[in-house]
Amino acid sequence: MPVTEAYMDPGDWRLSCRVDTRHLAARIRPYGLLVVIPQWVGDPAGYTDTELLAAARYAGVVLDSQWDNGILSMVGAGLDWFLGDRSTGIGPRPRSSAADFVDAGPEEVLSVLVPDTLDLGLVVGDEAIWHTADYRDRLAKVSIAAFCTAEGLHYRIHPTGVIDFDWSEYSGLVFVEWPTVIASATNPGSDALWTGVTPVDIRARHTIRDHMNGVLVGTEGDSVLVTGNVTTGGYGPHGWTHRHGLVPSDGTSETFALGGGVLAAHGPAYDYAIRLQEHEVVDPAGGYAPILPGDRIYVWDPASGLTNDWGSTAPSWAREALWYRGEAIAPVPVRIVESEWPIVDGMGVYYRPPIRPQDITSDDWIDLTRYVEWEATPTEAGTLLRIDQSNQTYGAPPT
Amino acid sequence: MPPNLQIGRVGLDVDLNSPQDLSFDVDDDRRRVTIRGYLRAASLDETKALRSELLAQRGQLVPVTWAGDSSMAGVGVVDAVTVDVDWRDGALQGAGFFRFAVVMDWVGSTSEVEFQSLLSSVEAVEDHSTTPEWWHAPPVGSLAYSAGGATPVLIDRATEDGTIHVATDMPAGTHPTWSVNPANYYDGAVELWAGSRLRAGRDMPMLPAGWEINAKTLRIRPGVTADASNGAIEVAAWQGSDWGPWVSFSVWWAGTNRIPSWHYVSVLKNTPEAVVIRLVRDAAEAPFASTAKHELDINVRRGGRLVTMLYKFDGASAQHAVGFTDTTAAARPSSASYINATSLVSGDRWLVGAPAAFTEDAVEGQVQIDNASKSMPWWVGVAVGNASNGTGDGPADLAKQFVAQSGEIVRAVRR
Numbered sequence: 001m002p003v004t005e006a007y008m009d010p011g012d013w014r015l016s017c018r019v020d021t022r023h024l025a026a027r028i029r030p031y032g033l034l035v036v037i038p039q040w041v042g043d044p045a046g047y048t049d050t051e052l053l054a055a056a057r058y059a060g061v062v063l064d065s066q067w068d069n070g071i072l073s074m075v076g077a078g079l080d081w082f083l084g085d086r087s088t089g090i091g092p093r094p095r096s097s098a099a100d101f102v103d104a105g106p107e108e109v110l111s112v113l114v115p116d117t118l119d120l121g122l123v124v125g126d127e128a129i130w131h132t133a134d135y136r137d138r139l140a141k142v143s144i145a146a147f148c149t150a151e152g153l154h155y156r157i158h159p160t161g162v163i164d165f166d167w168s169e170y171s172g173l174v175f176v177e178w179p180t181v182i183a184s185a186t187n188p189g190s191d192a193l194w195t196g197v198t199p200v201d202i203r204a205r206h207t208i209r210d211h212m213n214g215v216l217v218g219t220e221g222d223s224v225l226v227t228g229n230v231t232t233g234g235y236g237p238h239g240w241t242h243r244h245g246l247v248p249s250d251g252t253s254e255t256f257a258l259g260g261g262v263l264a265a266h267g268p269a270y271d272y273a274i275r276l277q278e279h280e281v282v283d284p285a286g287g288y289a290p291i292l293p294g295d296r297i298y299v300w301d302p303a304s305g306l307t308n309d310w311g312s313t314a315p316s317w318a319r320e321a322l323w324y325r326g327e328a329i330a331p332v333p334v335r336i337v338e339s340e341w342p343i344v345d346g347m348g349v350y351y352r353p354p355i356r357p358q359d360i361t362s363d364d365w366i367d368l369t370r371y372v373e374w375e376a377t378p379t380e381a382g383t384l385l386r387i388d389q390s391n392q393t394y395g396a397p398p399t
Numbered sequence: 400m401p402p403n404l405q406i407g408r409v410g411l412d413v414d415l416n417s418p419q420d421l422s423f424d425v426d427d428d429r430r431r432v433t434i435r436g437y438l439r440a441a442s443l444d445e446t447k448a449l450r451s452e453l454l455a456q457r458g459q460l461v462p463v464t465w466a467g468d469s470s471m472a473g474v475g476v477v478d479a480v481t482v483d484v485d486w487r488d489g490a491l492q493g494a495g496f497f498r499f500a501v502v503m504d505w506v507g508s509t510s511e512v513e514f515q516s517l518l519s520s521v522e523a524v525e526d527h528s529t530t531p532e533w534w535h536a537p538p539v540g541s542l543a544y545s546a547g548g549a550t551p552v553l554i555d556r557a558t559e560d561g562t563i564h565v566a567t568d569m570p571a572g573t574h575p576t577w578s579v580n581p582a583n584y585y586d587g588a589v590e591l592w593a594g595s596r597l598r599a600g601r602d603m604p605m606l607p608a609g610w611e612i613n614a615k616t617l618r619i620r621p622g623v624t625a626d627a628s629n630g631a632i633e634v635a636a637w638q639g640s641d642w643g644p645w646v647s648f649s650v651w652w653a654g655t656n657r658i659p660s661w662h663y664v665s666v667l668k669n670t671p672e673a674v675v676i677r678l679v680r681d682a683a684e685a686p687f688a689s690t691a692k693h694e695l696d697i698n699v700r701r702g703g704r705l706v707t708m709l710y711k712f713d714g715a716s717a718q719h720a721v722g723f724t725d726t727t728a729a730a731r732p733s734s735a736s737y738i739n740a741t742s743l744v745s746g747d748r749w750l751v752g753a754p755a756a757f758t759e760d761a762v763e764g765q766v767q768i769d770n771a772s773k774s775m776p777w778w779v780g781v782a783v784g785n786a787s788n789g790t791g792d793g794p795a796d797l798a799k800q801f802v803a804q805s806g807e808i809v810r811a812v813r814r
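From first to last, the protein sequence lines are chains A and B. Using the working numbering, read the first sequence as starting at 1 and increasing by one per residue. Using the working numbering, read the second sequence as starting at 400 and increasing by one per residue.
These are computed hints drawn from the structure, not numbers from a lab. Glycine residues also receive a C-beta, built at the ideal position from the N, C-alpha and C atoms. There's no promise every hint is true.
[To be verified] Chain A is nowhere near these chain B residues, computed Cβ spacing over 10 angstroms in every case: (1) Pro575; (2) Arg657; (3) Val812.
[What the hints assert, rightly or not] Derived CB-CB ranges, DEER-like: (4) A:Gly346 <-> B:Arg457: 40 to 46 angstroms; (5) B:Ala582 <-> A:Arg203: 35 to 41 angstroms; (6) A:Ala98 <-> B:His527: 55 to 61 angstroms; (7) A:Tyr288 <-> B:Thr655: 27 to 33 angstroms; (8) B:His527 <-> A:Arg203: 37 to 43 angstroms; (9) A:Tyr270 <-> B:Arg487: 57 to 63 angstroms; (10) B:Lys773 <-> A:Arg22: 56 to 62 angstroms; (11) B:Asp414 <-> A:Tyr288: 49 to 55 angstroms; (12) A:His206 <-> B:Arg487: 54 to 60 angstroms.
[To be verified] What the simulated footprint calls covered on chain B by chain A, stretch by stretch (three residues with Cβ under 8 angstroms from a Cβ of chain A suffice, anywhere in the stretch; the number is not a length): (13) 521–530; (14) 764–777.
Same shape as in the complex, but just chain A:
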């Protein structure tokens, strides 16, 4: 019954109850939120709605609730689901002419694209952005993804429903950009200056099945070749391997931006999965906040190729060896794209009904903690991280 949190993606979660809760059948419905608080805080009525969400480790939307002879089980996704569901094509689709942007800045674009269910929070970055695109009637999730890819932004949605954006010269205000956590396979353990976590399994996989190193935008016979900055690939027996796709122009996006977005979605796939012994990584250097998808950590495992040997292409701080537990290691800073963790005994599990924000109070919350079927005790639980080593971009570390 794990929660799978993902970087700019809904992920999913599931929850089962142990005992008959038929008295709640009328009250627990989809569209409500499942809220997980790191420690059970007791009766929600003792806190305000805002306080409970601010203390939450995770909030997700209930998509499915099922009662089998009175036993409840629920399935849902993260708050990213509110931006729209790509697979069904159902979600918020801004209709007004305000969604047709000409030389718009990021605040203007995002205040239109981010739907009412979420609250636009920080929009940070230090470069000017002038964005021209027509997103009318387009699914908000797709529009936001296209805008982010085109302009180099990324975002995080907090359990409070606030969505923060950050862009290319990454500020460190939204995500952990300069790691303080090290997962070392050869030398796991603690250190005074680093938070060490213990990888128990590491799997590294590289695949090029879906890889494109160029894309033709247009139709057969009438197209423009976009290669962007992509130079990856390899030589076959006699020459370079061309891996080109064909994408129709959508009439509104600039050709090179569209092409760039398609190429970014078809890069070589590097799939690294690391199972940690710890079920929660809390970083003292980061103010004791948990490490979440989108944050960077250092990983050192020469056996899987997880070493920092990019040579001169990465900035100096990302290439330097560091000292950890008496040894010099050269770990690679990687971004966590997915984190799967169990809901363990000791956490607080609550249901927040889909009532109008002005009207909801903590009295409406339902405490499910006593009914939950726990997945594991904290000492036997572990976290599974998926990390991304490709397409890294960096900002300058703080001085």
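Fit chain B to the known structure of chain A by using the hints.
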């Protein structure tokens, strides 16, 4: 005289009796060796040492030899260890009596097996533009050392167990192979002694004043005053036929307060190739009270003439200093990453170095980093017999060997 039964390091310090039974189990997928016997030494403490060190070898690559059957000498990976402490055996009476069973995956005998050292060649960051020269030493008595296409310079160093070959100036990314008889596997190996017993794993008694690392070329021990740690680290060098005198080194927090003692010691790594231990001091005690801690990680590799140390203080950043505990006149060669003592100690030249930019105190023999930091990597080296630069044993050579840090994992492979 070779020990009766030797399973890894167990049997090297306290004798291990003949096994009661020894079985081989061979099928398509794997070969297993099971050794059963009992642990009984001259005293209960020694019997308990056999128990703790046998348990500590779980998961390690171990050579096995037995005087009763020389044909079974070989190498295995310990899969499981069971030690029974049974009152019916009078287990804790007299000299003790524990039954043991060790199950291992058998890699093979000397003729079937050679060893490969996987080296992670990581260049330490430094401010002095020292060219790294990677180096590696297989056990004393090993032969058929191959660095693939690379051509390291092979030098000899004297150790307490005999002459060890050290491959110096190896290219980064070399993973040499070598062969050695199981009976010689630990010759030249780095040993961790704690509580007067040889330790085989990561367990050691909490004795900040009662440990010693014997790397056969160097020995390292804590400075002790009145049976308690006095904060110093003492190092001695093997000079060819005997050990030289102990030379003492200390850490000065922020360059002003010498660390007066260490509270805790633990083992981070204990392999024949390298030992890393950690000393911890609570900073809540005067003279620099704060809710922080000091850590000193000490890293010694087989065949080395230098000790890598990493001092950390997780409170505020400061300009820490390290150096000779006692006033020692020292000189810094032009833009070098180290200082060396002006006078020889029993014919040897001792050095202290640090990769970060530092200012030296030539009168006291200390180096202090120029930029405040929470960590200070540093090192102690000895040019035995005042060896000159260019031989692989001179001060400038050791500086290059320090910058070329390597973690080593040894595995046994079938020939």
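Practice task
Could you see if the CB distance from A:Tyr288 to B:Thr655 stays within 27 to 33 angstroms?
Solution key: holds, 32 angstroms
Exercise for the section: Check the non-interface label on B:Pro575: least C-beta distance to chain A beyond 10 angstroms or not. Expected result: Consistent with the label, B:Pro575 stays out of reach of chain A, its closest Cβ about 16 angstroms off (over 10 angstroms).
Problem - Verdict for A:Gly346, B:Arg457 (Cβ pair) under range 40 to 46 angstroms - result: Between A:Gly346 and B:Arg457, where Cβ atoms are some 31 angstroms apart, the hint is violated.
Problem - Coverage claim, chain A over the segment 764–777 of chain B, checked by counting residues with Cβ within 8 angstroms (three needed) - result: holds (count 3)
Exercise for the section: Run the C-beta distances from B:Arg657 to all of chain A and say if the shortest one exceeds 10 angstroms. Expected result: holds, 19 angstroms
Practice task
May I ask you to test the hint 49 to 55 angstroms on the CB atoms belonging to B:Asp414 and A:Tyr288?
Solution key: Between B:Asp414 and A:Tyr288, where Cβ atoms are some 51 angstroms apart, the hint holds.
Practice task
Return holds or violated for the Cβ distance of A:Tyr270 and B:Arg487 against the range 57 to 63 angstroms.
Solution key: With a Cβ separation near 58 angstroms, A:Tyr270 and B:Arg487 satisfy 57 to 63 angstroms, so the hint holds.
Problem - Claimed clearance of chain A by B:Val812, with the beta carbon kept past 10 angstroms - result: holds, 15 angstroms
Problem - B:Ala582 versus A:Arg203 beta-carbon gap, inside 35 to 41 angstroms or not - result: Because 39 angstroms falls inside the window, the suggested range holds.
Exercise for the section: Quick one: see if chain A covers the segment 521–530 of chain B, three-plus residues with Cβ-Cβ under 8 angstroms. Expected result: holds (count 4)
Problem - Supplied distance hint 37 to 43 angstroms, evaluated on CB atoms of B:His527 and A:Arg203 - result: Since B:His527 and A:Arg203 have Cβ atoms about 40 angstroms apart, the given range 37 to 43 angstroms holds.
Practice task
Given the hint of 54 to 60 angstroms, check if A:His206 and B:Arg487 actually sit that far apart at their C-beta atoms.
Solution key: Taking Cβ atoms as reference, A:His206 and B:Arg487 lie about 58 angstroms apart, which means the hint holds.
Checked against the numbered hints given earlier, the structure breaks only hint 4 and satisfies all the rest.
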